[in-house]
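Read top to bottom, the protein sequences are chains A and B.
Going left to right, the first sequence walks through residues 109 to 252 as this note's numbering numbers them.
Going left to right, the second sequence walks through residues 4 to 674 as this note's numbering numbers them.
It is worth saying that the hints were derived from the structure and are not from the lab.
Keep in mind it's a predicted model, so treat the numbers as computed, not measured.
All C-beta atoms in this analysis are idealised placements derived from N, C-alpha and C, irrespective of residue type, glycine included.
Keep in mind that a hint or two might mislead.
25 Å max Cα-Cα, derived DMTMM-like pairs, lysine to aspartate or glutamate [what the hints assert, rightly or not]:
#: 1; chain 1: B; residue 1: Lys549; chain 2: B; residue 2: Asp604
#: 2; chain 1: A; residue 1: Lys197; chain 2: B; residue 2: Glu252
#: 3; chain 1: B; residue 1: Lys389; chain 2: A; residue 2: Asp213
#: 4; chain 1: B; residue 1: Lys549; chain 2: A; residue 2: Asp198
#: 5; chain 1: A; residue 1: Lys110; chain 2: B; residue 2: Glu349
#: 6; chain 1: A; residue 1: Lys215; chain 2: B; residue 2: Glu383
#: 7; chain 1: A; residue 1: Lys110; chain 2: B; residue 2: Glu345
#: 8; chain 1: B; residue 1: Lys531; chain 2: B; residue 2: Glu581
#: 9; chain 1: A; residue 1: Lys138; chain 2: B; residue 2: Glu388
#: 10; chain 1: A; residue 1: Lys215; chain 2: B; residue 2: Glu388
#: 11; chain 1: B; residue 1: Lys527; chain 2: A; residue 2: Glu173
#: 12; chain 1: A; residue 1: Lys157; chain 2: B; residue 2: Glu388
Restraint ranges, calculated between C-beta atoms of paired labels, are given here [to be verified]:
#: 13; chain 1: B; residue 1: Thr328; chain 2: A; residue 2: Val117; range: 31 to 39 Å
#: 14; chain 1: B; residue 1: Cys17; chain 2: A; residue 2: Ser149; range: 53 to 61 Å
#: 15; chain 1: A; residue 1: Asp206; chain 2: B; residue 2: Ala567; range: 30 to 38 Å
Listed here are the chains, written in short residue letters.
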Amino acid sequence: MKTYARFAVLVVAIIGTLVWLAASGISESKTYYKTISELKSASGAEAAKRVRVTGDVVPGSIRREGERVHFVICEKERNLTLNVVYTGKDPLPDTFRDSAQAMADGKMSADGTFHASSIAAKCPSKYEAAPGGKPAARPLNSQS
Amino acid sequence: METLGAFSLLLALCVAAYAFLSSVAGALANKPFLKVSGERAVYGVFLLTTLASGILVAMLMTSDFRMAYVVSRSNRAMPLVYKFAAWWGGQEGSLLLWSWLLSCFSAVVVWTSRNKFRQMMPWVIAVLMFTQVFFCILNVFVEPPFQVLTVSKGVTSVPDGQGLNPLLQYWLMAIHPPALYLGYVGFIVPFAFAMASLITRQPGEAWIHTTRKWSLITWGFQSMGIMLGQGWAYAVLGWGGYWGWDPVENASLLPWITATAFLHSVMMQEKKGMMKVWNMVLVSATFLLCIFGTFLTRSGVVSSVHAFAQSSLGAWFLGFLVIATSFTAWLILTRLDYLKSEAQLESVLSRESSFLFNNLILLASCFAVLWGTMFPVITEYVMGEKITVGAPFFNKVNIPIGLFLLLLTGVGPLIAWRRSSWESLKRAFRWPTLGGLALAAVLLAFGVRHFYALVSFGLCAFVAITVVMEFWKGSRAIALKNNMNLLRAMVELTHRNTRRYGGYLVHMGIVIMFIGYTGAAFNKDTTKEVKIGDRFTLGSYDLHVKQVNDGENDNYVWQRATIAIFKHGAFLGELSPERRVYKASEQPTSEVAIRRRLNEDLYLNFASMSQQTERAAIIQAYIFPLVSWIWIGFYVLMAGTMVCLIPSKVKLAYAKTEVVGVYARETAKAK
Numbered sequence: 109m110k111t112y113a114r115f116a117v118l119v120v121a122i123i124g125t126l127v128w129l130a131a132s133g134i135s136e137s138k139t140y141y142k143t144i145s146e147l148k149s150a151s152g153a154e155a156a157k158r159v160r161v162t163g164d165v166v167p168g169s170i171r172r173e174g175e176r177v178h179f180v181i182c183e184k185e186r187n188l189t190l191n192v193v194y195t196g197k198d199p200l201p202d203t204f205r206d207s208a209q210a211m212a213d214g215k216m217s218a219d220g221t222f223h224a225s226s227i228a229a230k231c232p233s234k235y236e237a238a239p240g241g242k243p244a245a246r247p248l249n250s251q252s
Numbered sequence: 004m005e006t007l008g009a010f011s012l013l014l015a016l017c018v019a020a021y022a023f024l025s026s027v028a029g030a031l032a033n034k035p036f037l038k039v040s041g042e043r044a045v046y047g048v049f050l051l052t053t054l055a056s057g058i059l060v061a062m063l064m065t066s067d068f069r070m071a072y073v074v075s076r077s078n079r080a081m082p083l084v085y086k087f088a089a090w091w092g093g094q095e096g097s098l099l100l101w102s103w104l105l106s107c108f109s110a111v112v113v114w115t116s117r118n119k120f121r122q123m124m125p126w127v128i129a130v131l132m133f134t135q136v137f138f139c140i141l142n143v144f145v146e147p148p149f150q151v152l153t154v155s156k157g158v159t160s161v162p163d164g165q166g167l168n169p170l171l172q173y174w175l176m177a178i179h180p181p182a183l184y185l186g187y188v189g190f191i192v193p194f195a196f197a198m199a200s201l202i203t204r205q206p207g208e209a210w211i212h213t214t215r216k217w218s219l220i221t222w223g224f225q226s227m228g229i230m231l232g233q234g235w236a237y238a239v240l241g242w243g244g245y246w247g248w249d250p251v252e253n254a255s256l257l258p259w260i261t262a263t264a265f266l267h268s269v270m271m272q273e274k275k276g277m278m279k280v281w282n283m284v285l286v287s288a289t290f291l292l293c294i295f296g297t298f299l300t301r302s303g304v305v306s307s308v309h310a311f312a313q314s315s316l317g318a319w320f321l322g323f324l325v326i327a328t329s330f331t332a333w334l335i336l337t338r339l340d341y342l343k344s345e346a347q348l349e350s351v352l353s354r355e356s357s358f359l360f361n362n363l364i365l366l367a368s369c370f371a372v373l374w375g376t377m378f379p380v381i382t383e384y385v386m387g388e389k390i391t392v393g394a395p396f397f398n399k400v401n402i403p404i405g406l407f408l409l410l411l412t413g414v415g416p417l418i419a420w421r422r423s424s425w426e427s428l429k430r431a432f433r434w435p436t437l438g439g440l441a442l443a444a445v446l447l448a449f450g451v452r453h454f455y456a457l458v459s460f461g462l463c464a465f466v467a468i469t470v471v472m473e474f475w476k477g478s479r480a481i482a483l484k485n486n487m488n489l490l491r492a493m494v495e496l497t498h499r500n501t502r503r504y505g506g507y508l509v510h511m512g513i514v515i516m517f518i519g520y521t522g523a524a525f526n527k528d529t530t531k532e533v534k535i536g537d538r539f540t541l542g543s544y545d546l547h548v549k550q551v552n553d554g555e556n557d558n559y560v561w562q563r564a565t566i567a568i569f570k571h572g573a574f575l576g577e578l579s580p581e582r583r584v585y586k587a588s589e590q591p592t593s594e595v596a597i598r599r600r601l602n603e604d605l606y607l608n609f610a611s612m613s614q615q616t617e618r619a620a621i622i623q624a625y626i627f628p629l630v631s632w633i634w635i636g637f638y639v640l641m642a643g644t645m646v647c648l649i650p651s652k653v654k655l656a657y658a659k660t661e662v663v664g665v666y667a668r669e670t671a672k673a674k
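Generate coordinates for the entire structure from the input sequences, incorporating the hints supplied.
Below, the structure is given as structure tokens:
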């Protein structure tokens, strides 16, 4: 029985350490999903949180200034826009370009721009329909 | 052609369903005729899915632009090899590849086991074919690959396709999905045998012995798939990293972790008859996580940089997972009697205990990764607010876990079964411990202050020394006895017990990979806007932007920066990072340029031309120390896995042979 008690102590110690690490990891890096409108109406403690905001990149708004990249994303339904400045170290994803759907992680700053430390992007419609100029051909039976 | 393809898939579905039903019926009613016809049907499924896949590939190769799949994944200018790779470049095709691989595996299993395991085989086939039916349903009804383009009910075609996603047009990416799928799909075989042995209440470990090779090979493919993915992320994706804890990457890692735990803990069952329930749980968890990973990748439940488009697949996968999980759980719970442990843990200082901790810690890691990946889904469900966790969370939990595992890698193989004394431990680990501490001390003296890096390098030295000592001790004894040179003695030693020494090689590969991963603690980077003709520095590198050229070919338009590299005044060569825009898909990509060396990689990305300054390029430069060792370690790991697969020259003396378990006891009583 003594052996099992020893095991129990070791197992509890290991699990305990990991849980503690996990908890601190979560509180350090947790990021809230917000829409642009939620972000605009947030205030105080709400506004200081790390958030992930999604929107479509306004065509022509991407502007590089040395290490920083400025761009504007918009929420189509409410016609809201958000100025974003990217200061992260990783190269921007190739899918990040005009009209792409971009996901920016970061914090709002006092002047109303969003400081992003990482950007992910995808082109939602790229493979769905034939590109412009060609006949609007669609797969047979497709739901869309 | 497309009709034939679609028809053969539909027929494959029917035949698979038949194989499932006739195997189950044959096993229940004990009708040999039904069992045999079930086996034959498996070959039928294989032929039909092969035909369908062949037709799809032929359409891709011949650029048949009436087909929706071909139009969206291929174009005329694409090299032939990528036209072939377009098979798995999209949702429909990759699901067909899944189906096809599964039918291949099933056929191989039936062929190689056709005269063995008469009792288990029908159930093995039933499990395989049940899964096959599921994937065939997806192929036929949910994501059919054979769709033609139509304009108001009439078939039409377009002159050229949109091309394969340019990010996938890279040689590693052409083989990464098949390798990963081989690993994902392959694990169904050990799972099927485990389930069959439970259903038929087989005594002993027959299923483990028969599927050992399968488990190892599929584990090898999983490792390969993950590594190819890392190599691709590093060289193509231009994230400046090989691993980003992206949900899709995590999805591929989860079954690998449980498979690794399984490979270790089956040894406990083979040699000591312990942890039987646990092994069942692990083999099932691995299979279910393989399916779960496919589900995560394809359903769009968690947002990811490289997930497939959202689709209705999610519900199907969820349904399959629920059925499979509940069936497996029910089966294990009702057969607990057959899975009783035959020995007990005797000491904390024992091989058993090291396996136990290995498993515990691997599972903890698996759970943490799963938790982190599903965090947005969980929080949305529980708190009504979507919260995600990033790389810091994963690193915080998994770095200590990784280091602890590394320690066990060194300790485990040397510690005795049952119990070990402090004396013997001191003898075995004196030099490795001293070596590890010495290396850490030297690094500390040279100014390395990163805590985890010091621990990691120290442990790497520790484990490497234990492995080298094992080879040295064993081969020297053989060399002296048989008058051989040391190298031949080493080969001889390995050949005598390939499992053990192959395992050591795999461990050595892991150590080397850890060296590479630890290099990340010393990464450097800079982003500079540089006029053409100007210079900038990063670390000890002096980078001279010489020129920027443009050009185009059939497939894409390119813009290339040529950068000369100097170190301490000496010219080292030129690198040319490139930006491309693929014509067919209108998608831009960046082609990073990497100068790979054993000590560090210099990694250059041509971000764009400056919009403020005339004739200036924005260049991102990175130094990634020791990255090459990750790939080298991987080759060692693969070599080790292959050594494990070679049969040992000497029959293992300690392999358990007696029939054990409830079945044996009951027959003994009956006598």
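Inset, instruction - May I ask which of the numbered hints given earlier this structure violates, with the numbers listed in increasing order? - result: Of the numbered hints given earlier, the structure breaks none, since each of them holds.
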